[in-house]
Amino acid sequence: MSLPKENLVIVQYAGDFREAALRLSEGGAETYRAQRHTVDYVQSLASRYHVTTITGFTAEPYDSVLPSGARAIGAGFTDRFHAPTILDLVRKTNPDRLILRLPNPILLRWAARKGIPTLALLADSFPAKTLKERFKRRVIAHYLKSPNVTLVANHGRRATRQLVDIGVPANKVVAWDFPAQDTPYDREAKLSAQGREILYAGLLSAPKGVDDLLHAAASLKRDGKPITVDLYGKGETDRLTQLAKTLGIGTEVTFKGLVANSEMVPAMSAADIVVVPSRHDYSEGLPLTIYEALCSRTPLVASDHPMFLENIEDGFSCVMFPSGNASALATKIDGLLTDAALYSRLSANAPEAWEKIQILLKWADVIEGWLASR
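Position 138 of the sequence shown, counted from 1, bears residue number 138 in the UniProt record's numbering, the numbering being contiguous throughout.
Don't take each hint at face value.
What the hints assert, rightly or not - Simulated DEER-style distance windows between Cβ atoms:
(1) 225 - 22: 41 to 51 Å
(2) 314 - 180: 16 to 26 Å
(3) 61 - 222: 39 to 49 Å
(4) 358 - 105: 24 to 34 Å
Since the hints were made in silico from the structure, they are not lab data. We put the beta carbon where it would ideally sit given N, CA and C, even for glycine.
Use the sequences and the hints to build the structure in full.
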């Protein structure tokens with residue numbers, strides 16, 4: 001006699017699971033790297049579990065059962081994440097096992113008190129500049145050490161090592177990555193910049209450093225060294241459009257919106273520089289944009305975000321600038337565009353830099369191993 005299926009519940013901050021599952025099933029394109037890998041794997045779990053994915057930020061609230069048998073619940077958040085609402089949704093699913101894709105203290109505390117076997121599957125870092133950040137980090141570490149949290153996985157080695165640094169036992173921490181869908185070996189190294197086209201891809205927000213990039217572009221224009229900036233992604237588009245106009249670079253900045261992930265590396269390859277300007281207070285794991293930039297062989301300018309250190313190296317795999325310093329960013333961009341030797345060296349080093357950040361354990365492998373461990 002077969003045992004009844006367990007309730008497996010997955011909680012994520014954003015990334016509308018229902019929308020992605022239906023779009024991909026109809027032959028639609030991925031909007032971020034390895035989206036099909038994650039969505040198809042979760043749906044495949046429906047043959048073994050009553051699997052439910054709860055997403056905070058969705059276009060509307062919903063509770064649907066997909067054709068695969070997987071259940072998708074959307075909280076319908078549009079402005080801010082409300083953990084008590086998510087917790088209420090989780091309670092109603094009566095989980096036997098829980099996968100948290102966000103390190104939320106309220107959800108972690110509830111799972112610990114209930115003794116629910118939990119996998120923390122993260123792509124986060126834990127800044128500690130302010131008293132509030134230090135307190136939050138201590139609380140998160142406390143609950144990640146709980147016996148019910150049997151595995152803590154983070155994206156990238158540096159972000160994973162930080163978990164140990166804040167007190168999570170090393171024997172329950174692993175680093176993971178998404179499967180590679182492109183490699184630097186598919187393209188020739190570049191010898192020099194062909195223009196002054198800068199590309200950014202990711203969330204359009206101040207903590208991601210987009211404001212700093214626009215201020216850098218305005219500074220360069222004032223100095224008679226204008227650049228064009230293509231911004232891919234969604235977020236604070238209206239505010240940033242107005243900022244670009246205020247800075248006098250409205251015609252130099254183009255908002256590209258969301259595009260198919262398959263278009264991203266070719267777009268980077270066509271650009272002259274890819275910029276990843278994240279500020280220290282943004283909780284990064286290791287941005288997929290860095291992987292894609294290395295695959296494109298277009299040189300990278302990146303901030304000195306703590307999670308980037310040890311993954312990319314100033315002068316070898318990127319040009320690095322102090323986070324939040326638009327003047328320094330402008331100087332680094334112009335310097336790279338005009339230094340053919342540095343430009344060609346970074347492009348030539350891309351395969352070695354890309355190999356350095358590869359991790360064998362993939363996203364679905366983490367879940368599969370955790371499920372099998374009980």
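Right, here's what the structure says about each hint:
{"no.": "1", "hint": "225 - 22: 41 to 51 Å", "in the structure": "46 Å, holds"}
{"no.": "2", "hint": "314 - 180: 16 to 26 Å", "in the structure": "24 Å, holds"}
{"no.": "3", "hint": "61 - 222: 39 to 49 Å", "in the structure": "47 Å, holds"}
{"no.": "4", "hint": "358 - 105: 24 to 34 Å", "in the structure": "32 Å, holds"}
In summary, the structure agrees with every hint in the numbered list given earlier.
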